[in-house]
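Listed in order, the protein sequences are those of chains A and B. Taking this note's numbering, the leading residue of the first sequence gets 45, the next gets one more, and so forth. Taking this note's numbering, the leading residue of the second sequence gets 68, the next gets one more, and so forth.
Hints listed in this document are in silico derivations from the structure and should not be mistaken for laboratory results. Be aware that a few hints might be false.
What the hints assert, rightly or not - Below, a list of computed lysine-lysine pairs in the DSS-like style, where the Cα atoms sit at most 30 Å apart: (1) B:Lys-303 with B:Lys-321; (2) B:Lys-321 with B:Lys-165; (3) B:Lys-321 with B:Lys-305; (4) B:Lys-421 with B:Lys-165; (5) A:Lys-188 with B:Lys-421; (6) A:Lys-188 with B:Lys-165.
Stated by the list, open to error - Computed Cβ-Cβ distance ranges for the label pairs, DEER-style: (7) B:Glu-418 with A:Asp-176: 46 to 56 Å; (8) B:Asn-219 with A:Asp-209: 34 to 44 Å; (9) B:Glu-507 with A:Cys-88: 50 to 60 Å; (10) B:Asp-481 with A:Arg-145: 33 to 43 Å; (11) B:Glu-422 with A:Val-127: 17 to 27 Å; (12) A:Arg-141 with B:Leu-463: 51 to 61 Å; (13) B:Asn-464 with A:Asp-176: 47 to 57 Å; (14) A:Asp-139 with B:Arg-471: 31 to 41 Å; (15) A:Arg-141 with B:Arg-156: 28 to 38 Å.
Each residue gets a CB set at the ideal place from its N, CA and C atoms; glycine is no exception.
Here is what each chain is made of, one letter per residue.
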Amino acid sequence: MSQSLSATPLPYSSEAHQQAHQFLVEEAHLLDSYQLDEWLGLLCEDIRYLMPVQVTRVDGALPDFQADMDHFDEDLYSLRLRVARLRTGHAWTEDPRSRVRHFVTNVRTFAGPNEGELSVESSVLLFRSRGDNSEAQLVSAGRKDVLRQSVDGRYRLAERTLTVDESVLRTQNLAIFL
Amino acid sequence: MIDLDTANLDAIGRAVSDGFIPAHIYNDTELFEYERDRLFATAWVFVAHESEIPSPSDFVVRRIVDDSFIISRSDDGEVRAMFNMCLHRGMQVCRAEKGTAKTHRCPYHNWIYASDGRLVGLPFHVDAYGGEEGFVKDDQRLLPAPSLAIYNGLIFMSLDPDAPPLLDYLGDFAYYLDLYTKQSKGGLELRGPQRWRVNANWKIGCENFIGDSYHTPHTHASVVDIGLFGEPKPNKRKEGVLYHAGRGGGTTYKLPTTGFREGLSYVGYPEEMIDRMQTSWSAPQQDLIGSSGFMHSAATLFPNLSLVHNWPQVDDSGTVTPFISLRLWHPISESETEVLSWFAVDSAAPEDFKERSYKAYLMCFGSSGMFEQDDIENWASITTTAKGTMARRLLLNGRMGLDRDNQPLVAQYDDFSGPGVAFQGYGEHNQRHWLGMWNEAIQTEPRPVAVVAPGAPEGSL
């Protein structure tokens, strides 16, 4: 799991921060509008997409996540498979499709870790409504992303670590992406 | 204790014995109280695995319905479980999920308990109680689990102090439980659990895993479509044998191979793991795969522990890798269940196998698993629909595999080396077996259990 970024973020007026922020907002737009193939196009070939299981410990003992158990530990192969499944017409949990909205906020951008990369922290709140007779579900999480600039100058997502704010999820499954 | 609506209970009993299921049982407030006060007050319930608490002072906190227990390994290496309620004012002593602690300190008045539950700290014992005269501190402990037993590292608890021995309870299901939990002498190691809450009645998952091979081709069509798991095609599932034995039952797939090693190799086990299985399992256990030619898949041990063993394709090259998962359908209410889902792997397995198997698990089962996602959608829908007035007028048909005279449509399958009752093809024999145990449990009034008053001066009660 990435270290907590304690350094001072780049100024919000900096071009790098603005590019990172725009990336996250545009990404949220693709997820909200179910353009999942286009979303896959934002990911690096070596993407690592991780959501560790959080756990409540005594006296703030660390770590507060399970080192060896995740909700997601994905590479591009498994993410593509998940998207392909939703397209089969047999993915009942998203038929009818959830109405989702990703609220992305508290964006902080840092240089690095490598040349041509940005580390970006953000908060994401997912609102998910299913059908007409169940209550909407929320998933709140912190994100630590690494964005990498490609040769075409565009940023792509190289790493995402999601710190979900519940140890017991209150959503029926993670047939969605955060 | 709740009022006994014997007419309602009688009607449920009659329906279940005829293979029908009163639809309201999947969302019935009163019935949930029967389940809590009768079934879960007596059954052996899985709570944890020894590998979750490997060292002294390691603990996890788990519940049986509403009762929270600290399950801890004490300094002498023994696994103990104690009711997580301070003897003084009833605080939940430990509010973490897991950790390592030599003592558990109540945040209210600083009473302190050792990892084996003994009361070791009571502030101002003399000033506040007059010492031992007023409060007998020696040998006091958090209320121990009424019954606790371990099988292959699986820690079970019963709230009944007179529970039958665990081995008697498991009965012949132990034969099958070994296939999941004892691939080597060292047994399993568990990771997790992932925990999440679903708006579904707890019974539906139990019944699904014990024998519903009929849902697989349709509910899970998408995972076949994308090439994740090739087996659940309608004709393949139909060739599987459904068995029930002792307090459990499960589903199998017919292997396209003959021979013990060939069958395990087909589902992706490396040679060295097959060697260990050959040492660990008895000849009759090996015969299930070897001479009968079946591979165990989903199973349920009554009441609410399910197991799964599948072998999906986890990468582009077509590698098939098996995984095992244990899951507990922990009842929150008549309409809500917390799923606790563990990844389990043989502790002696090679590291690269463990990692591939973990990946296979994450893709298929658990909170993000592509199999599980569609199951939960269905179960939440059943629960919602079972709530109303009309559901009280509907007996669901749970008679698959029975003729009009309640006789099996097909003869029992002879060429099956496992114990118990086995049928090939589709049928709800196992679900009826589970519902039979459920019905018996909710129909049986619990024996009274003594009340205790720790610290009471001699002769005061």
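Verification of the hints:
Of the supplied pair hints, the one linking B:Lys-303 and B:Lys-321 holds, its CA atoms being roughly 7 Å apart against a limit of 30 Å. This hinted pair does not check out: B:Lys-321 and B:Lys-165 have alpha carbons roughly 40 Å apart, beyond 30 Å. Of the supplied pair hints, the one linking B:Lys-321 and B:Lys-305 holds, its CA atoms being roughly 9 Å apart against a limit of 30 Å. The suggested pairing of B:Lys-421 with B:Lys-165 holds, with an alpha-carbon distance near 23 Å, which does not exceed 30 Å.
Of the supplied pair hints, the one linking A:Lys-188 and B:Lys-421 holds, its CA atoms being roughly 27 Å apart against a limit of 30 Å. At roughly 25 Å between alpha-carbon atoms, A:Lys-188 and B:Lys-165 fall within 30 Å of each other, so this suggested pair holds. At roughly 48 Å, the beta-carbon separation of B:Glu-418 and A:Asp-176 lies within the given 46 to 56 Å, and the hint holds. Look at B:Asn-219 against A:Asp-209: about 36 Å separates their beta carbons, and that is inside 34 to 44 Å.
With their beta carbons about 57 Å apart, B:Glu-507 and A:Cys-88 fall inside the hinted range of 50 to 60 Å. At about 58 Å, the beta-carbon gap between B:Asp-481 and A:Arg-145 misses the expected band of 33 to 43 Å. Between B:Glu-422 and A:Val-127 the beta carbons are some 23 Å apart, a value that agrees with the proposed interval 17 to 27 Å. As the Cβ distance of A:Arg-141 to B:Leu-463 is approximately 29 Å, the hint placing it in 51 to 61 Å is violated.
Separation of B:Asn-464 from A:Asp-176 is about 28 Å and departs from the stated range, judged on CB atoms against 47 to 57 Å. Separated by about 37 Å at the C-beta atoms, A:Asp-139 and B:Arg-471 satisfy the suggested range of 31 to 41 Å. For the pair A:Arg-141 and B:Arg-156, the supplied restraint of 28 to 38 Å is violated, since their beta-carbon distance comes to about 50 Å.
Violated hints, in rising order: 2, 10, 12, 13 and 15; the structure is consistent with all others.
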